[in-house]
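Participant: From first to last, the protein sequence lines stand for chains L and Z. Going letter by letter, the first sequence gives residues 4 to 258 in our numbering. Going letter by letter, the second sequence gives residues 173 to 420 in our numbering.
Check the hints yourself; a few may be wrong.
Straight-line distance between alpha carbons at most 30 angstroms, and here's what the computed DSSO-like set of lysine-lysine pairs gives [stated by the list, open to error]:
(1) Z:LYS280 with Z:LYS217
(2) L:LYS30 with Z:LYS235
(3) Z:LYS198 with Z:LYS305
(4) Z:LYS235 with Z:LYS305
(5) L:LYS30 with Z:LYS278
(6) Z:LYS280 with L:LYS41
(7) Z:LYS217 with Z:LYS305
(8) Z:LYS284 with Z:LYS217
(9) Z:LYS292 with Z:LYS278
(10) Z:LYS235 with Z:LYS284
(11) Z:LYS235 with L:LYS233
(12) Z:LYS190 with L:LYS41
(13) Z:LYS353 with Z:LYS278
(14) L:LYS41 with Z:LYS327
(15) L:LYS41 with Z:LYS198
(16) L:LYS47 with Z:LYS280
(17) Z:LYS217 with L:LYS30
(18) L:LYS41 with Z:LYS401
(19) Z:LYS327 with Z:LYS353
(20) Z:LYS235 with Z:LYS278
(21) Z:LYS353 with L:LYS47
(22) L:LYS41 with Z:LYS292
(23) Z:LYS224 with Z:LYS284
(24) L:LYS30 with Z:LYS353
(25) L:LYS41 with Z:LYS353
(26) Z:LYS292 with L:LYS30
(27) Z:LYS224 with Z:LYS235
(28) Z:LYS235 with Z:LYS217
(29) Z:LYS190 with Z:LYS217
(30) Z:LYS278 with Z:LYS305
(31) L:LYS47 with Z:LYS305
(32) Z:LYS224 with Z:LYS278
(33) Z:LYS292 with Z:LYS280
(34) Z:LYS327 with Z:LYS305
(35) Z:LYS353 with L:LYS233
(36) Z:LYS284 with Z:LYS305
(37) Z:LYS217 with Z:LYS292
(38) Z:LYS198 with Z:LYS217
(39) Z:LYS327 with Z:LYS235
(40) Z:LYS284 with L:LYS47
These are computed hints drawn from the structure, not numbers from a lab.
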Amino acid sequence: MIWISKLGEITLSLLNRIGRMGLFLAKAFLCAITPPLKFSWIIKQIWFIGFQSTLVIILTGVFSGMVLGLQGFHTLNRFGSTALLGPMVALSLIKELGPVLSALMVTGRAGSAMTAEIGIMRTTEQIDAMELMGLNPFRYLIVPKLIAGIIALPLLTAIFDVVGIFGGYFVGGKLLGVGEGTYFGEMANYVKIKDVLEGIYKSLSFGVIITWVCCYKGYSSGFGAEGVSKATTQAVVLSSVLVLFWDYIMTSLLF
Amino acid sequence: MIRIENIYKSFNRFEVLKGISFQVEKGEILALIGGSGNGKSVILKHIVGLLKPDQGHVFIDGKDIGQLRGNDIEEIRGRIGFLFQNGALFTSFTVYDNVAFPLREKTKSSEKEIRERVMKELDQVGLAGAENKYPAELSGGMIKRTAFARALVIKPEVMLFDEPTTGLDPIIAHTILDLIKSLHEHLGFTAIIVSHELSRVFQIAHRVAMLHEGRIWTVGTPEEILSSKDPVVRQFISGVTGGSLKLY
Numbered sequence: 004m005i006w007i008s009k010l011g012e013i014t015l016s017l018l019n020r021i022g023r024m025g026l027f028l029a030k031a032f033l034c035a036i037t038p039p040l041k042f043s044w045i046i047k048q049i050w051f052i053g054f055q056s057t058l059v060i061i062l063t064g065v066f067s068g069m070v071l072g073l074q075g076f077h078t079l080n081r082f083g084s085t086a087l088l089g090p091m092v093a094l095s096l097i098k099e100l101g102p103v104l105s106a107l108m109v110t111g112r113a114g115s116a117m118t119a120e121i122g123i124m125r126t127t128e129q130i131d132a133m134e135l136m137g138l139n140p141f142r143y144l145i146v147p148k149l150i151a152g153i154i155a156l157p158l159l160t161a162i163f164d165v166v167g168i169f170g171g172y173f174v175g176g177k178l179l180g181v182g183e184g185t186y187f188g189e190m191a192n193y194v195k196i197k198d199v200l201e202g203i204y205k206s207l208s209f210g211v212i213i214t215w216v217c218c219y220k221g222y223s224s225g226f227g228a229e230g231v232s233k234a235t236t237q238a239v240v241l242s243s244v245l246v247l248f249w250d251y252i253m254t255s256l257l258f
Numbered sequence: 173m174i175r176i177e178n179i180y181k182s183f184n185r186f187e188v189l190k191g192i193s194f195q196v197e198k199g200e201i202l203a204l205i206g207g208s209g210n211g212k213s214v215i216l217k218h219i220v221g222l223l224k225p226d227q228g229h230v231f232i233d234g235k236d237i238g239q240l241r242g243n244d245i246e247e248i249r250g251r252i253g254f255l256f257q258n259g260a261l262f263t264s265f266t267v268y269d270n271v272a273f274p275l276r277e278k279t280k281s282s283e284k285e286i287r288e289r290v291m292k293e294l295d296q297v298g299l300a301g302a303e304n305k306y307p308a309e310l311s312g313g314m315i316k317r318t319a320f321a322r323a324l325v326i327k328p329e330v331m332l333f334d335e336p337t338t339g340l341d342p343i344i345a346h347t348i349l350d351l352i353k354s355l356h357e358h359l360g361f362t363a364i365i366v367s368h369e370l371s372r373v374f375q376i377a378h379r380v381a382m383l384h385e386g387r388i389w390t391v392g393t394p395e396e397i398l399s400s401k402d403p404v405v406r407q408f409i410s411g412v413t414g415g416s417l418k419l420y
């Protein structure tokens with residue numbers, strides 16, 4: 004009977020956590036759709052989450068595209084269909100790798116920083132100070148990050164896709180001899196607007212997942228350096244897992 | 173003005189407050205003393221509604237803080253200044269922006285009016301010239317004074333000081349307490365001071381409440397407390413170890 008009681012305790016605790024996270028997101032969305040919005044705080048976050056992640060996104064995108072070009076060329080060569088290298092690289096990037104890898108890179112670069120920043124503000128009572136001024140911390144700390152995530156992720160994903168496609172072309176076209184017209188022409192034939200939209204929908208939802216999980220973990224972090232470091236680790240792990248899990252759900256729904 | 177009625181509070185089944193009751197009159201300075209871990213800061217956080225009691229009530233001007241929501245709690249908080257133990261300054265803001273923040277966000281004052289108010293408060297706490305520094309560049313005393321200026325800028329009717337002198341050298345600690353006294357005389361706010369700087373606090377407080385074992389052990393004027401025969405009070409004031417006071 005002890006194990007039943009333990010199982011019940013674990014289930015209740017899990018449901019409790021999911022409920023808290025759900026309420027946190029609902030509160031954030033409620034604040035995001037009701038004025039006042041703090042535009043200067045939102046712009047600062049777009050700069051931090053979006054602009055400052057550009058370099059890492061370009062690097063990841065170009066190497067992912069190059070690897071796809073190389074692997075794709077050798078695989079397609081076995082079937083004598085290297086002409087389809089362009090669509091293969093583009094569809095892989097636009098539908099899957101672009102949104103997912105961009106989300107994982109943003110989680111590592113900006114998500115962890117978000118959790119640490121909010122966690123330290125919680126530990127040093129800065130959030131309490133804000134509340135005592137009669138200000139809602141969600142409007143200053145959570146909503147700007149949520150909106151910035153929703154705006155920045157699709158843009159970063161677009162950059163990832165474009166540089167990835169050119170990375171694939173550099174290897175497939177310049178180094179391995181697939182013609183420029185073939186690479187881009189076939190791509191135009193096979194890549195449909197539906198595929199692009201699928202990538203955009205995914206990156207939008209990943210923007211919500213990353214900012215939601217990372218902000219929640221920071222906001223509810225334990226006290227002291229240990230509490231913040233634990234929250235940061237949990238935020239990165241949970242965001243990454245949720246991004247991959249949600250990617251599967253989205254793919255199965257959108258196909 | 174502030175009335176605390178029989179509040180109980182536990183954290184992880186550890187009972188910190190066991191039926192605390194006291195009140196503070198308008199314009200009065202009450203010093204809250206007691207050993208570390210006895211729940212003094214917890215009481216302050218109940219007064220501003222950052223913590224909710226398991227039982228009991230906190231009233232400010234007759235309004236039960238625990239029952240207030242939304243604009244009502246914001247209105248009450250707008251009348252209270254809170255000086256946190258570590259200052260709780262926004263680390264990404266300069267001293268000026270820290271003090272200006274509540275004015276920018278809560279009032280419709282122009283930037284010129286805000287500048288005048290902020291510079292006046294900074295001058296009042298002896299920080300004129302430090303407005304462009306970041307919290308990381310400030311000494312402990314300067315952090316407390318900036319936090320004090322930020323609390324004062326909203327012209328509070330009530331000031332709550334959570335160990336305003338902790339971590340400061342004796343001279344700076346006395347300077348801070350002198351500052352509290354002179355600003356109280358000038359502005360007339362109601363105040364509760366949690367402090368271990370007994371000699372100086374006893375000079376500026378009108379009454380002293382001692383917390384022990386989760387209860388208000390004794391309340392009286394500083395003279396009454398100093399002349400108390402109660403062994404717990406005597407031990408706390410003299411700082412002798414090994415008596416009935418438990419150390420946490």
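Participant: Would you mind marking each hint as holding or not holding in the structure?
Facilitator: Hint by hint, here is what the structure shows:
Among the hinted pairs, LYS280 of chain Z with LYS217 of chain Z is consistent with the structure: their alpha-carbon atoms are about 28 angstroms apart, no more than 30 angstroms. Taking the CA atoms of LYS30 of chain L and LYS235 of chain Z, the gap is near 27 angstroms; set against the 30 angstroms cutoff, the hint holds. With a C-alpha separation of about 36 angstroms, the suggested pairing of LYS198 of chain Z with LYS305 of chain Z is violated against the 30 angstroms cut-off. About 39 angstroms separates the Cα atoms of LYS235 of chain Z and LYS305 of chain Z, which puts this hinted pair outside 30 angstroms; it is violated.
Using a Cα cut-off of 30 angstroms, the hinted pair LYS30 of chain L and LYS278 of chain Z holds, with the two alpha carbons roughly 21 angstroms apart. With a C-alpha separation of about 15 angstroms, the suggested pairing of LYS280 of chain Z with LYS41 of chain L holds against the 30 angstroms cut-off. With a CA separation close to 29 angstroms, the supplied pair LYS217 of chain Z and LYS305 of chain Z stays within the 30 angstroms bound. Proximity of LYS284 of chain Z to LYS217 of chain Z is assessed by CA-CA distance (about 34 angstroms); at most 30 angstroms being required, the pair is judged violated.
Simply put, LYS292 of chain Z and LYS278 of chain Z have alpha-carbon atoms about 18 angstroms apart, close enough for the 30 angstroms limit, and the pair holds. A threshold of 30 angstroms between alpha carbons decides the hint, and for LYS235 of chain Z with LYS284 of chain Z the separation of about 35 angstroms lies outside it, so the pair is violated. Distance restraint check for LYS235 of chain Z and LYS233 of chain L: the Cα-Cα separation of roughly 40 angstroms exceeds the 30 angstroms cut-off, and the hinted pair is therefore not satisfied. For the hint linking LYS190 of chain Z to LYS41 of chain L, the alpha-carbon distance of about 42 angstroms lies beyond 30 angstroms, and the restraint is violated.
At most 30 angstroms may separate the alpha-carbon atoms for a hinted pair to count; LYS353 of chain Z and LYS278 of chain Z meet this at roughly 27 angstroms. A distance of roughly 25 angstroms separates the Cα atoms of LYS41 of chain L and LYS327 of chain Z; the hinted pair therefore holds under the 30 angstroms criterion. A threshold of 30 angstroms between alpha carbons decides the hint, and for LYS41 of chain L with LYS198 of chain Z the separation of about 37 angstroms lies outside it, so the pair is violated. Under the criterion of a C-alpha separation no larger than 30 angstroms, the hint pairing LYS47 of chain L with LYS280 of chain Z is consistent with the structure, at around 23 angstroms.
Under the criterion of a C-alpha separation no larger than 30 angstroms, the hint pairing LYS217 of chain Z with LYS30 of chain L is consistent with the structure, at around 23 angstroms. Between LYS41 of chain L and LYS401 of chain Z the CA atoms are separated by roughly 58 angstroms; this puts the pair beyond 30 angstroms, and the hint is violated. For the suggested pair LYS327 of chain Z and LYS353 of chain Z, the alpha carbons sit about 16 angstroms apart, so the restraint of at most 30 angstroms is met. The suggested pairing of LYS235 of chain Z with LYS278 of chain Z holds, with an alpha-carbon distance near 22 angstroms, which does not exceed 30 angstroms.
Between LYS353 of chain Z and LYS47 of chain L, the direct Cα distance comes to roughly 41 angstroms. Violation of the 30 angstroms bound is thereby established for this hinted pair. Pair hint LYS41 of chain L plus LYS292 of chain Z holds up; C-alpha atoms about 27 angstroms apart against a cutoff of 30 angstroms. The suggested pairing of LYS224 of chain Z with LYS284 of chain Z is violated, with an alpha-carbon distance near 39 angstroms, which exceeds 30 angstroms. Between LYS30 of chain L and LYS353 of chain Z the alpha-carbon distance is near 42 angstroms, which puts this suggested pair outside the 30 angstroms criterion.
A C-alpha spacing of about 38 angstroms is found between LYS41 of chain L and LYS353 of chain Z, which places the hinted pair above 30 angstroms, so the restraint is violated. A hinted pair counts as satisfied when its Cα atoms are at most 30 angstroms apart, and LYS292 of chain Z with LYS30 of chain L does not qualify at roughly 38 angstroms. Taking the CA atoms of LYS224 of chain Z and LYS235 of chain Z, the gap is about 14 angstroms. The hint holds against a cut of 30 angstroms. Under the criterion of a C-alpha separation no larger than 30 angstroms, the hint pairing LYS235 of chain Z with LYS217 of chain Z is consistent with the structure, at around 16 angstroms.
Taking the CA atoms of LYS190 of chain Z and LYS217 of chain Z, the gap is about 16 angstroms. The hint holds against a cut of 30 angstroms. About 23 angstroms separates the Cα atoms of LYS278 of chain Z and LYS305 of chain Z, which keeps this hinted pair within 30 angstroms; it holds. Taking the CA atoms of LYS47 of chain L and LYS305 of chain Z, the gap is about 21 angstroms. The hint holds against a cut of 30 angstroms. Restraint check for LYS224 of chain Z and LYS278 of chain Z: satisfied, since their Cα atoms lie roughly 25 angstroms apart, inside the 30 angstroms limit.
Among the hinted pairs, LYS292 of chain Z with LYS280 of chain Z is consistent with the structure: their alpha-carbon atoms are about 18 angstroms apart, no more than 30 angstroms. For the given pair, LYS327 of chain Z sits about 24 angstroms from LYS305 of chain Z by alpha-carbon distance, which is consistent with the 30 angstroms threshold. For the proposed pair LYS353 of chain Z and LYS233 of chain L, the alpha carbon gap of about 43 angstroms is over 30 angstroms, so the pair is violated. Pair hint LYS284 of chain Z plus LYS305 of chain Z holds up; C-alpha atoms about 20 angstroms apart against a cutoff of 30 angstroms.
Proximity of LYS217 of chain Z to LYS292 of chain Z is assessed by CA-CA distance (about 28 angstroms); at most 30 angstroms being required, the pair is judged to hold. A hinted pair counts as satisfied when its Cα atoms are at most 30 angstroms apart, and LYS198 of chain Z with LYS217 of chain Z qualifies at roughly 19 angstroms. With a C-alpha separation of about 20 angstroms, the suggested pair LYS327 of chain Z and LYS235 of chain Z falls inside the 30 angstroms cut-off, and the hint holds. Proximity of LYS284 of chain Z to LYS47 of chain L is assessed by CA-CA distance (about 24 angstroms); at most 30 angstroms being required, the pair is judged to hold.
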